[in-house]
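Colleague: Given next are the chains, with one letter for each unit.
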Amino acid sequence: MLGLLRKIFRTGRVAERDPGRPGYGLLAVAREFSGSVQVRHVNAGSCNGCEVEIRSAFGPVYDAERYGAKLVASPRHADALLVTGPVTRNMAEPLRRTHDAMPGPKAVLAVGDCARNCGAFRGAYGVAGAVRDVVPVDLEIEGCPPRPEAIAEGLRRLTGR
Amino acid sequence: MNALGIVGGVVQPVLLLAAAPLLAGVLEKVRARLEGRVGSGIWQPYRDLRKLFGKEPVDPGGTSEMFRLGPLLLLATTVVVAVVAPFVTTAPAIAPAADLFAVAGLLALGAVALVLGALDTGTAFGALGAGRRLTILALATPTLLVAVVALATRAGSTNLGAIVSATLDDPVQVVSPGSLLAAAALVVAIVAETGRRPADDPVTRQEATMVHGAIVLEYAGPDLALVQLASAMRLAVLLGLLANLFVPWGIATSMGAAAVLIGVGALVAKVAVLGVLVAVAEVFVARLRVVRVPQLLAGSFVLALLAVSAAFFLT
Amino acid sequence: MNVAATFLAAALVLGVLAALAGSLPDYVLKANLRAPAAGLGTALAGAAGVVAGIAAMTGDPYSASVPGVLPLTGVRIELDPLSGPFLAAVGVAAVATGVYAVGDARSRVVQSVVPLFVIAMLLVPAAGGVGTFLAAWELVAATSLVLILVEHRRSPEVAVAGRWYAALSQLGFLTVLIGLLMLAGRAGDSFADLRDAHPSAVVAGLAFVLTLVGFTTAAGIAPLHVWLPRAHTEAPSQVSALMSAAMVTLGGYGIVRIGLDLLAGGPRWWWLAVLGLGALSAVAGPLRAAPSGDLKRLLTRSTIGGMGLVFVGIGAAGLFAAAGQRVLAGLALTAALLHVLGHAAATGLLFLATGSVVRATGTRELETLGGLRRKMPWTTAGFGLGALAGSALPPGTAFVSVWLLLQALVHTPPGTGTTIGVAVPVAVAAVALSVGLAVSALARAFGVGFLARPRSAAAEQASESPPFLLAGLGLAGLASVVLALGPTLVLPALGTVSETVLGEGERAVTGAITVRVAGVAGTISPLLITVALAVALALAIGGTMLLARRRARRAVPTWDGGAGPAPRRATTFAVPAYSIERTEGRLWRPALAALNAWGEAGRALATGSVHRYVGYGFYAVCALLAILAVTR
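Protein chains in written order, with the working numbering: chain A, 1 to 161; chain B, 1 to 315; chain C, 1 to 632.
Keep in mind that the hints are not guaranteed to be accurate.
Cross-link-like lysine to any residue pairs, in silico, SDA-like; alpha carbons within 20 Å at most [stated by the list, open to error]: (1) Lys-7/A x Leu-277/B; (2) Lys-7/A x Lys-29/B; (3) Lys-7/A x Ala-281/B; (4) Lys-7/A x Val-280/B; (5) Lys-7/A x Val-38/B; (6) Lys-29/B x Leu-4/A; (7) Lys-29/B x Arg-66/A; (8) Lys-29/B x Asp-138/A; (9) Lys-29/B x Ala-15/A; (10) Lys-7/A x Val-285/B; (11) Lys-7/A x Ala-166/B; (12) Lys-29/B x Gly-39/B; (13) Lys-7/A x Leu-34/B; (14) Lys-29/B x Glu-16/A; (15) Lys-7/A x Val-283/B; (16) Lys-29/B x Arg-13/A; (17) Lys-7/A x Gly-39/B; (18) Lys-29/B x Gly-12/A; (19) Lys-29/B x Leu-5/A; (20) Lys-29/B x Thr-11/A; (21) Lys-7/A x Gly-36/B; (22) Lys-29/B x Val-72/A; (23) Lys-29/B x Ile-8/A; (24) Lys-29/B x Asp-18/A.
FYI, nobody ran anything at the bench for these hints, they're computed from the structure. This structure is a prediction, so every number in the text was calculated from the model and none was measured.
Construct all of the structure, not just a fragment, from the sequences and the given hints.
Modeller: Below is the structure:
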């Protein structure tokens with residue numbers, strides 16, 4: 001326990017400096033959220049590359065929580081849906097259900113190239129389409145995988161902080 | 001009921017209701033800093049609540065009034081406890097409700113109401129969380145009762161205000177063995193009751209490991225706002241009770257603006273210190289396996305039993 | 001005859017008439033008239049019993065003797081304040097079950113025996129002599145056995161339950177018989193003679209232990225409670241309600257009557273035994289109730305817990321009386337008596353609601369119930385109210401009685417001796433644990449059985465029960481609500497009862513809205529707590545409406561993880577209760593094995609030879625004569 005305490009004090013703050021608010025616009029729905037966005041993540045068929053980056057965005061270094069975003073377990077608690085990967089046929093219905101289970105107002109973020117346009121999996125037999133083919137998408141974050149900064153920046157356009 | 005009681009009956013619930021989200025924010029901030037993060041800020045719970053109250057309410061299929069009544073009763077029972085128990089003043093607003101047994105019963109009633117709300121949804125995780133919560137409740141409520149009875153035997157009354165006054169009159173009692181054992185038992189019971197580590201993990205996102213989280217999985221919008229507000233308030237109420245039962249100094253015993261202000265300040269300071277301690281402790285301990293939680297609580301119950309025995313024999 | 005005696009007589013006459021009406025064949029009284037006649041007759045007998053009980057508590061004592069009705073002793077009736085609460089408890093249960101029975105017509109056997117069962121139970125607290133008491137006690141045992149066995153064709157379980165019940169209730173009767181005869185043999189039959197007898201410590205102690213065995217068996221107190229979950233589960237619900245609400249409380253009556261009244265208290269170890277057994281049952285009952293899958297079995301186990309609390313109260317009262325703490329003794333006894341009344345109302349309501357469920361769905365398994373609140377709203381409300389009343393949560397019926405009990409225990413002055421110093425903390429712990437576990441068990445029964453969604457076709461197609469049946473639930477519910485919100489209505493009378501039993505002391509409890517406890521600083525008001533809670537609830541609803549932007553509520557499917565509905569199961573619940581189950585088995589198996597071995601050994605004696613049997617008789621008479629010759 002003392003060792004842990006020493007480590008805590010030696011390490012101090014690891015979060016990077018706040019890079020400043022993104023210059024470009026807030027999403028319209030952000031006004032309803034007023035600085036608090038609960039995020040439900042759905043992996044619709046991703047290779048887990050994006051998941052690693054999302055972990056990182058919510059980890060201590062990029063610390064997306066400081067902008068008011070938080071990952072939650074239930075879509076009932078969520079304001080935003082974070083979708084990764086091309087939507088496979090098996091995940092199309094669960095994705096739709098998850099979106100429907102969220103109370104309004106709500107937003108959908110498609111994270112990564114696969115979510116935007118199926119990426120490397122375009123045309124594969126198991127793929128139903130991009131995220132916007134299944135649920136309405138408010139914001140897309142590009143990259144394969146996107147950098148954690150980009151994910152944090154996308155979330156800030158929802159929280160407005 | 002005297003003037004001080006009436007002032008307390010108004011100031012206490014307003015203060016606890018208004019400041020409870022701040023307590024949750026402070027806990028979150030302390031944990032974030034110890035983990036090397038910045039954290040979402042101490043005001044974040046207020047933003048969460050404002051947003052949740054503005055969201056669309058949702059009725060999961062097949063649920064009844066019990067589902068909507070759960071969060072309301074959780075809040076209402078906590079508010080009644082905030083009115084009657086000694087937080088800012090020792091004079092209770094409604095003396096015949098300021099009894100230890102009434103307060104413990106009201107807190108249990110609120111918890112049961114929320115559990116019934118979860119069972120009402122008929123989901124697997126709801127039932128899972130409800131079963132675990134009831135098991136914790138079945139052991140934590142007796143621990144709470146027996147631990148405070150150890151103090152009550154000394155004070156000669158189960159009225160919480162009278163217990164606090166008795167401690168003020170005879171401060172040496174705080175370090176008696178019965179009192180210390182009761183404090184230890186009470187800490188464990190409160191940690192389990194409020195769903196903190198090691199009994200439950202407030203930040204987990206794995207449904208199978210949840211207790212409180214699994215119960216509120218179906219609540220959305222204003223209902224969820226009520227649950228979060230009431231849960232924060234329960235934490236504040238229980239920590240405030242713990243503080244005043246063992247370190248009552250600062251609480252107002254006579255009418256007067258200065259006395260009440262000091263009472264408010266003392267309560268805020270005590271609850272803040274305890275809250276920070278809870279947050280720091282949470283960084284150091286891991287969550288126990290669910291089957292181990294009853295054992296932890298059984299241990300605390302035995303401590304409480306020893307406390308009562310000590311109160312009988314060592315006086 | 002005073003008021004109490006008049007109404008008791010009326011109850012007996014009405015009960016006999018109801019039994020007659022219930023036994024009439026179809027060509028005399030049509031089946032559809034027989035149920036109302038028998039049911040309402042039982043209810044009226046119960047109502048007369050309630051009035052008799054109230055009159056007995058508040059009025060002057062009454063005693064009468066009718067020689068010749070029973071051989072050797074005659075019938076002796078004695079109505080004093082102590083008879084009151086138990087007459088009232090039996091009466092309340094009888095009123096509710098009687099009205100319920102109109103809507104839930106059963107066989108002629110049930111219709112004719114239930115009224116007899118009720119009047120037998122009314123006679124037990126009204127008996128004024130050993131002979132009458134034993135006759136009434138045996139009548140209770142016999143009629144209840146018949147009622148348990150009524151549905152023997154339904155399942156072999158019923159016969160098993162009947163055997164357990166017959167064996168243990170007769171064992172209990174036997175020990176009570178021996179115990180009482182030890183006292184009556186020296187002093188005489190009537191209770192008044194027994195009070196003046198002052199038997200030696202050894203005789204009194206032996207008699208107390210023997211009667212304690214019998215009365216704990218009747219009350220379902222561990223370790224002789226094993227018959228209760230079996231018998232109460234298999235009997236028709238109306239009968240289970242009567243047995244669980246009223247019959248078990250007579251065990252408590254017996255202990256108070258014999259131990260505190262007739263033997264005028266006793267040494268501390270008597271009451272330590274009562275308190276210890278009570279504490280054991282108070283914890284073990286609800287602990288085993290929590291994981292029960294059968295709704296009725298769950299309720300029987302919470303009944304054991306409730307009776308455990310009553311025995312803790314009685315034990316504490318005796319212990320305090322032995323230690324000279326009159327005020328605390330009165331307080332503890334008042335708490336026990338209030339718990340008896342609350343238990344009768346709440347448990348009756350729970351069993352009747354369960355009966356309504358069984359009637360509609362044909363099952364008692366929690367696993368196959370669920371979702372009943374849509375189809376059976378009144379039954380659900382009844383069960384919910386009963387669960388709240390039975391668990392000691394505010395504003396429940398048991399809340400005040402458990403609070404009173406805790407007051408007595410908490411205010412024990414230090415330095416009253418090591419026995420009390422050990423017993424009181426253990427009792428506090430047992431009471432607290434019992435409360436917590438009972439809350440958990442009843443909340444689970446209500447949530448899993450009545451809320452959520454139906455888990456079987458039977459539960460899905462359930463329909464609400466007929467109005468008379470629901471009226472029975474309503475009456476029990478009314479009694480629960482009155483006792484929960486206005487315990488001050490009955491507490492002064494119960495205080496008088498304790499005073500008469502324990503001798504002069506302070507009136508234990510006073511107050512109109514707030515319960516004030518004499519001699520110790522403590523007040524509680526369930527009414528004020530309820531009002532405060534209602535105000536807070538209204539504020540919470542108003543505040544939410546003010547804060548929330550009024551969007552329309554949207555109906556959505558429950559969140560199932562996105563993969564479609566998952567199979568619904570109720571048993572996601574685990575409590576470390578299995579070790580107790582094993583302990584109980586271990587406790588009973590050697591006893592049963594010994595009994596078996598004894599029976600086997602007996603075979604060698606009974607070879608079937610008539611000469612041998614005549615010989616046994618001859619030697620037995622000779623031995624008896626020899627003993628008499630030596631002792632006289």
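Colleague: Could you run down the list of hints and mark each one as holding or not?
Modeller: Hint check results:
no.	hint	verdict
1	Lys-7/A x Leu-277/B	holds, 18 Å
2	Lys-7/A x Lys-29/B	holds, 19 Å
3	Lys-7/A x Ala-281/B	holds, 15 Å
4	Lys-7/A x Val-280/B	holds, 14 Å
5	Lys-7/A x Val-38/B	holds, 17 Å
6	Lys-29/B x Leu-4/A	holds, 19 Å
7	Lys-29/B x Arg-66/A	holds, 10 Å
8	Lys-29/B x Asp-138/A	violated, 30 Å
9	Lys-29/B x Ala-15/A	holds, 14 Å
10	Lys-7/A x Val-285/B	holds, 15 Å
11	Lys-7/A x Ala-166/B	violated, 44 Å
12	Lys-29/B x Gly-39/B	holds, 5 Å
13	Lys-7/A x Leu-34/B	holds, 10 Å
14	Lys-29/B x Glu-16/A	holds, 17 Å
15	Lys-7/A x Val-283/B	holds, 12 Å
16	Lys-29/B x Arg-13/A	holds, 13 Å
17	Lys-7/A x Gly-39/B	holds, 19 Å
18	Lys-29/B x Gly-12/A	holds, 14 Å
19	Lys-29/B x Leu-5/A	holds, 17 Å
20	Lys-29/B x Thr-11/A	holds, 17 Å
21	Lys-7/A x Gly-36/B	holds, 10 Å
22	Lys-29/B x Val-72/A	holds, 18 Å
23	Lys-29/B x Ile-8/A	holds, 15 Å
24	Lys-29/B x Asp-18/A	holds, 17 Å
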